[in-house]
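Sequence order for the protein chains is A and B.
Here the first sequence stands for residues 1 to 265, numbered as in this note's numbering.
Here the second sequence stands for residues 1 to 85, numbered as in this note's numbering.
Check the hints yourself; a few may be wrong.
[As the list claims (entries may be wrong)] Computed list of lysine-lysine pairs in DSSO-like fashion (alpha-carbon distance at most 30 Å, straight line):
# : chain 1 : residue 1 : chain 2 : residue 2
1 : B       : Lys22     : B       : Lys46
2 : B       : Lys46     : A       : Lys120
3 : A       : Lys122    : B       : Lys62
4 : B       : Lys46     : B       : Lys9
5 : B       : Lys9      : A       : Lys120
6 : A       : Lys210    : A       : Lys120
[Unchecked claim] From the derived model, a few chain A residues whose C-beta atoms are all more than 10 Å from chain B:
#  : residue
7  : Phe39
8  : Ala88
9  : Glu144
10 : Gly156
11 : Asp179
[Unchecked claim] So the derived list for chain B, only partly shown, Cβ under 10 Å to chain A, looks like this:
#  : residue
12 : Glu19
13 : Asp39
14 : Ile41
What the hints contain is simulated information worked out from the structure, not anything from laboratory work.
Please read these numbers as outputs of a predicted model, since none were measured by experiment.
The beta carbon of each residue, even a glycine, is placed where N, CA and C say it ideally should be.
As a plain string of letters, each chain reads:
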Amino acid sequence: MAGRQPRSPVFARWSDRLSDVGVTLICWAYFTLGFVVFFSHRYVFAYLFSRQRETAFQRLTSRFYQGFFRLLRCIAPRHHWRIDERIAGLSSSVIVCNHLSYLDPILLISLLERQKTIVKTKFFRVPIFGWLIRNAGYFPADGEGAFGGMMIDQVGRMNDYLAGGGNLFVFPEGTRSRDGAVGPLNRGALKIARLCRAPIYVLHLAGTEKLFTPGKFFFNTRLNNTISLTIVDRIDQEPGRELSLAELEHRIRQALVPGDFEPAR
Amino acid sequence: MTRDELQEKIFAVLTEDFEFDKPGLDDNLRDDHGFDSIDAIELLGKIELMLGFSLSREEKEKAMGIRTINDILDYIERIQSAHQS
Numbered sequence: 001m002a003g004r005q006p007r008s009p010v011f012a013r014w015s016d017r018l019s020d021v022g023v024t025l026i027c028w029a030y031f032t033l034g035f036v037v038f039f040s041h042r043y044v045f046a047y048l049f050s051r052q053r054e055t056a057f058q059r060l061t062s063r064f065y066q067g068f069f070r071l072l073r074c075i076a077p078r079h080h081w082r083i084d085e086r087i088a089g090l091s092s093s094v095i096v097c098n099h100l101s102y103l104d105p106i107l108l109i110s111l112l113e114r115q116k117t118i119v120k121t122k123f124f125r126v127p128i129f130g131w132l133i134r135n136a137g138y139f140p141a142d143g144e145g146a147f148g149g150m151m152i153d154q155v156g157r158m159n160d161y162l163a164g165g166g167n168l169f170v171f172p173e174g175t176r177s178r179d180g181a182v183g184p185l186n187r188g189a190l191k192i193a194r195l196c197r198a199p200i201y202v203l204h205l206a207g208t209e210k211l212f213t214p215g216k217f218f219f220n221t222r223l224n225n226t227i228s229l230t231i232v233d234r235i236d237q238e239p240g241r242e243l244s245l246a247e248l249e250h251r252i253r254q255a256l257v258p259g260d261f262e263p264a265r
Numbered sequence: 001m002t003r004d005e006l007q008e009k010i011f012a013v014l015t016e017d018f019e020f021d022k023p024g025l026d027d028n029l030r031d032d033h034g035f036d037s038i039d040a041i042e043l044l045g046k047i048e049l050m051l052g053f054s055l056s057r058e059e060k061e062k063a064m065g066i067r068t069i070n071d072i073l074d075y076i077e078r079i080q081s082a083h084q085s
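Kindly produce the complete structure, drawing on both the sequences and the hints.
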């Protein structure tokens with residue numbers, strides 16, 4: 001019996017590219033049409049009628065991204081997902097995580113039904129998206145100017161939010177790593193974590209940058225890759241024995257990069 | 001509280017709670033000490049304790065533009081006199 005003919009390199013290259021383009025188009029279709037058809041009316045309903053609008057918006061956003069990742073797992077099957085099952089059960093916690101790809105925040109949103117995070121201030125001005133994140137109670141990264149009042153409100157309500165089961169997740173590097181290494185930690189995010197006096201969970205993420213690489217427009221569907229998200233430490237802040245910022249930074253870096261004790265500044 | 005008393009208390013808060021190293025009255029808080037909006041909000045809580053009354057949201061928003069320790073002292077003096085009048 002004759003064996004299968006190997007694919008020609010040109011055919012293989014084009015079929016791989018078509019796969020990347022197809023997956024990217026399907027993902028964008030989900031983000032646009034999927035939002036309009038399946039979610040926009042639910043957000044409007046929550047805005048108009050929900051007594052707990054923030055919670056409703058957070059839950060809807062989590063569901064939207066759960067749908068996105070279900071779809072992505074189907075259409076990019078070479079990427080395998082190993083997500084620590086304990087993460088979905090986290091509540092009343094501050095979560096810090098390394099940052100590799102634009103997929104990271106939406107992955108965390110999909111896993112956490114009650115979630116807030118810090119978003120670049122310019123995104124609050126984007127139509128629809130700005131409205132969504134404002135109503136979900138997300139933080140602007142900078143409290144200057146028109147956003148000062150919003151930040152004061154959000155920080156003022158943070159203790160009640162956490163006590164009520166909500167989570168705050170932050171990426172203390174502030175931006176995506178371009179080489180996979182954990183960069184210098186932004187103390188602003190750590191200050192919020194410390195101010196909240198809630199347990200801090202440190203999560204280590206790997207592999208999302210291979211699926212959606214910084215600087216690239218198309219998803220990379222061709223690699224056999226494992227995306228993993230794991231809890232690597234829990235830091236408790238006991239009243240009267242709060243960690244200094246330097247201690248907190250040291251502890252988080254140690255958890256994310258075992259053996260690397262000096263922050264690279 | 002006189003300005004000197006306020007200054008002493010603010011210096012103590014900034015060095016003990018905000019880990020400032022040798023703060024100067026006209027240092028740029030953001031550039032020289034990494035003081036950001038979150039710090040400003042935390043400092044407002046400490047100022048409320050110092051003054052013994054709560055600040056309104058409008059008063060708090062005015063504090064978000066503070067740049068130096070002298071600005072902090074001016075801000076507290078303005079708040080104090082507004083609450084006394």
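For each hint, the structure was consulted:
1. Simply put, Lys22 of chain B and Lys46 of chain B have alpha-carbon atoms about 20 Å apart, close enough for the 30 Å limit, and the pair holds.
2. At roughly 27 Å between alpha-carbon atoms, Lys46 of chain B and Lys120 of chain A fall within 30 Å of each other, so this suggested pair holds.
3. A hinted pair counts as satisfied when its Cα atoms are at most 30 Å apart, and Lys122 of chain A with Lys62 of chain B qualifies at roughly 21 Å.
4. Restraint check for Lys46 of chain B and Lys9 of chain B: satisfied, since their Cα atoms lie roughly 10 Å apart, inside the 30 Å limit.
5. The straight-line distance between the Cα atoms of Lys9 of chain B and Lys120 of chain A is roughly 34 Å, outside the 30 Å bound, and the hint therefore fails.
6. The straight-line distance between the Cα atoms of Lys210 of chain A and Lys120 of chain A is roughly 24 Å, inside the 30 Å bound, and the hint therefore holds.
7. Non-interface status of Phe39 of chain A relative to chain B is upheld: no Cβ of that chain comes within 10 Å, the nearest being about 31 Å off.
8. Distance check on Ala88 of chain A: its Cβ is at least 28 Å (rounded) from any Cβ of chain B, clearing the 10 Å threshold; non-interface status holds.
9. Non-interface call for Glu144 of chain A relative to chain B: violated, since the shortest CB-CB distance, roughly 6 Å, does not exceed 10 Å.
10. Non-interface call for Gly156 of chain A relative to chain B: violated, since the shortest CB-CB distance, roughly 8 Å, does not exceed 10 Å.
11. No beta-carbon of chain B is positioned within 10 Å of the beta-carbon of Asp179 of chain A; the least distance is around 25 Å.
12. For Glu19 of chain B, the interface hint holds, since its Cβ comes within 10 Å of a Cβ in chain A; the closest pair sits about 6 Å apart.
13. Taking 10 Å as the C-beta contact cut-off toward chain A, the hint placing Asp39 of chain B at the interface holds, the least distance being around 6 Å.
14. At its closest, the beta carbon of Ile41 of chain B sits 5 Å from a beta carbon of chain A; the interface hint therefore holds under the 10 Å criterion.
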